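**Student:** Residue-level listing of the chains:
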Amino acid sequence: MKTTTISDRDAFELANGRVPARPDLDPLADLLTAYRSAAIGSAPRPSAALSARLDLSATPIAMQRDAVADDGSASVGTRRAASGLLGLGVTVAIILGAASGAAAVVGAGSAGLLPPGAQDAFDQVVSVIAPPGVVGQETNDQGEVPGTSADQNVPGGAVEPAPVVTGETTSPVAPVAPPLTSPGDGGNGNGNSVPTDPAVTSPGNSGSSNGNSGAGNNGNGNGNGGPVDPAVTSPGNSGSSHGNSGGGNNGNGNGNGGPVDPAVTSPGNSGSSNGNSGNNGNKP
Amino acid sequence: MGILGEARGAGVPFETVLAAAQSGAAWASTTLWREYSPSVAGFARGRGSRDPDDLASDVFLTVFDTLSTFSGSESDFRSYLFSLAYRRLVDELRQRARRGETVQWLPEHDARAEPSAEDAASERFADSSVLALLDGLPEDQRNVMVLRIVSDLTVDQIADVLGKKPGAVKALQRRALNSLRKKVSSDPYPFHALERLPV
Chain E
1 MKTTTISDRD AFELANGRVP ARPDLDPLAD LLTAYRSAAI GSAPRPSAAL
51 SARLDLSATP IAMQRDAVAD DGSASVGTRR AASGLLGLGV TVAIILGAAS
101 GAAAVVGAGS AGLLPPGAQD AFDQVVSVIA PPGVVGQETN DQGEVPGTSA
151 DQNVPGGAVE PAPVVTGETT SPVAPVAPPL TSPGDGGNGN GNSVPTDPAV
201 TSPGNSGSSN GNSGAGNNGN GNGNGGPVDP AVTSPGNSGS SHGNSGGGNN
251 GNGNGNGGPV DPAVTSPGNS GSSNGNSGNN GNKP
Chain Y
1 MGILGEARGA GVPFETVLAA AQSGAAWAST TLWREYSPSV AGFARGRGSR
51 DPDDLASDVF LTVFDTLSTF SGSESDFRSY LFSLAYRRLV DELRQRARRG
101 ETVQWLPEHD ARAEPSAEDA ASERFADSSV LALLDGLPED QRNVMVLRIV
151 SDLTVDQIAD VLGKKPGAVK ALQRRALNSL RKKVSSDPYP FHALERLPV
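Taken in sequence, the protein lines are chains E and Y. Number 130 in my numbering belongs to position 130 of the first sequence; there are no gaps in the numbering. Number 83 in my numbering belongs to position 83 of the second sequence; there are no gaps in the numbering.
Incorrect hints may appear among the rest.
[Said to hold, decoys possible] Pair by pair, the computed Cβ-Cβ distance ranges are:
#1 E/49 x Y/96: 17 to 27 angstroms
#2 E/4 x Y/23: 49 to 59 angstroms
#3 Y/72 x E/123: 51 to 61 angstroms
[What the hints assert, rightly or not] Some chain Y residues near chain E, calculated using beta-carbon distances under 10 angstroms:
#4 16
#5 84
#6 184
Honestly, the hints are just simulated from the structure, not real lab data. Remember, it's a predicted structure, so these values are computed and weren't measured experimentally. Glycine included, every Cβ here is placed at the ideal spot set by N, Cα and C.
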């Protein structure tokens with residue numbers, strides 16, 4: 001076997017888990033790979049003293065790290081870039097899946113092909129989003145809690161559980177988002193509509209909200225339609241919400257229609273929601 | 001998590017995590033632990049620590065206690081972290097050398113007993129056999145190799161950790177690799193089994 005010495009270049013490639021273009025070094029490369037796997041193994045368990053200072057129940061947070069430059073440094077950088085692309089692939093797949101689902105719903109809604117309740121909700125949401133002045137008795141001032149600036153500036157962190165607000169909420173006061181316990185929490189928004197005046201024959205009530213998060217965690221939005229007044233013969237109530245996340249993680253939205261009053265002859269109430277994720281993309 | 005240094009996609013910048021950890025935020029300390037502890041424990045394991053998890057915990061307790069005085073980039077932090085790990089490991093090795101080592105007797109570790117064929121086969125591929133590959137190297141070379149391969153430090157970072165010049169680290173790395181290659185070339189079963197089955 002030819003046994004030329006190992007150059008700095010070969011050493012660099014071997015140390016970074018790559019096989020140099022020298023067949024005689026293949027066994028050594030395999031050996032180092034096995035050694036690396038054996039040494040790293042599973043994640044260590046923290047001692048009791050250390051556990052007291054950690055929050056191990058929190059959702060793991062991805063952290064950006066410097067690329068390592070070294071002599072002939074392509075290998076580590078290449079590995080990291082490849083790994084980043086793989087991670088991006090998953091994110092893109094999620095975004096594409098969510099987008100295609102949303103597109104299908106929007107297409108069906110535009111064509112009027114949704115079931116009666118859902119179609120009403122769709123029309124309501126479209127009227128709320130597109131021309132702001134069209135919907136009567138909109139109470140976004142009270143109900144809308146967009147992600148606050150503090151929320152949007154957070155670096156991302158433990159994910160706050162989304163507040164559960166059902167459609168039966170009749171309070172005109174919007175629930176307050178739970179206090180954030182760390183600077184990395186997602187933003188939560190809740191919106192509720194107040195009951196309309198009985199004399200109003202507007203298309204109904206709606207609540208809308210937007211929850212946005214800054215650096216890559218969850219944004220949750222909940223919107224709840226207010227209760228229908230018996231005198232109102234509008235098509236019903238709807239709640240809509242949008243949850244957006246900034247840095248590419250989950251966005252969740254929940255919309256709940258208000259309770260149906262027996263006297264109402266409208267098709268009923270419905271809720272709709274949109275969850276969006278992407279890089280700093282907030283749904284208008 | 002994979003090898004230390006695997007890239008993350010979008011994530012929180014290191015500087016943000018560091019600042020939060022310095023202010024005592026548990027989530028930030030947890031992030032640092034999750035990010036770096038496998039490689040610290042791997043370094044300890046590769047260098048023969050008896051309790052790598054305990055060593056990693058000790059190192060991170062020291063890190064969190066002294067983090068308020070640290071300033072620098074992520075690369076600096078890694079050098080700082082592994083400097084602490086290296087010192088802690090040297091302490092443990094010295095302590096063992098001074099006091100001797102007490103090991104609990106276990107039948108499977110009794111050298112007088114012949115292992116069964118099944119045990120021998122499983123031992124052949126056990127992690128300990130793989131980790132023993134570097135045992136024959138001089139200590140300096142082992143340090144360099146473990147920090148390079150397991151901890152994924154650069155030559156400059158290793159030089160910082162070990163207090164050597166980068167050129168010396170490169171030379172140690174090259175010599176270690178040449179030694180390992182000879183071992184691999186001369187040993188048809190490099191992962192342990194020098195013995196062959198009796199014919």
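**Student:** Indicate, hint by hint, whether the structure satisfies it.
**Tutor:** Taking the hints in turn, this is what the structure says about them:
Remark: the range hint 17 to 27 angstroms for residue 49 of chain E to residue 96 of chain Y is upheld by a beta-carbon distance near 22 angstroms. Look at residue 4 of chain E against residue 23 of chain Y: about 54 angstroms separates their beta carbons, and that is inside 49 to 59 angstroms. In this structure, residue 72 of chain Y and residue 123 of chain E meet the distance hint of 51 to 61 angstroms, their C-beta atoms being roughly 57 angstroms apart. The closest approach between the C-beta of residue 16 of chain Y and any C-beta of chain E is roughly 4 angstroms, which is under the 10 angstroms cut-off, so the hint is satisfied.
A hinted interface residue such as residue 84 of chain Y counts as satisfied when its beta carbon comes closer than 10 angstroms to some beta carbon of chain E; here the least separation is about 14 angstroms, so the hint is violated. Below 10 angstroms, beta-carbon pairs count as interface contacts, and residue 184 of chain Y has one with chain E at about 5 angstroms; its hint therefore holds.
In the structure shown, a violation is registered for the earlier hint numbered 5 alone.
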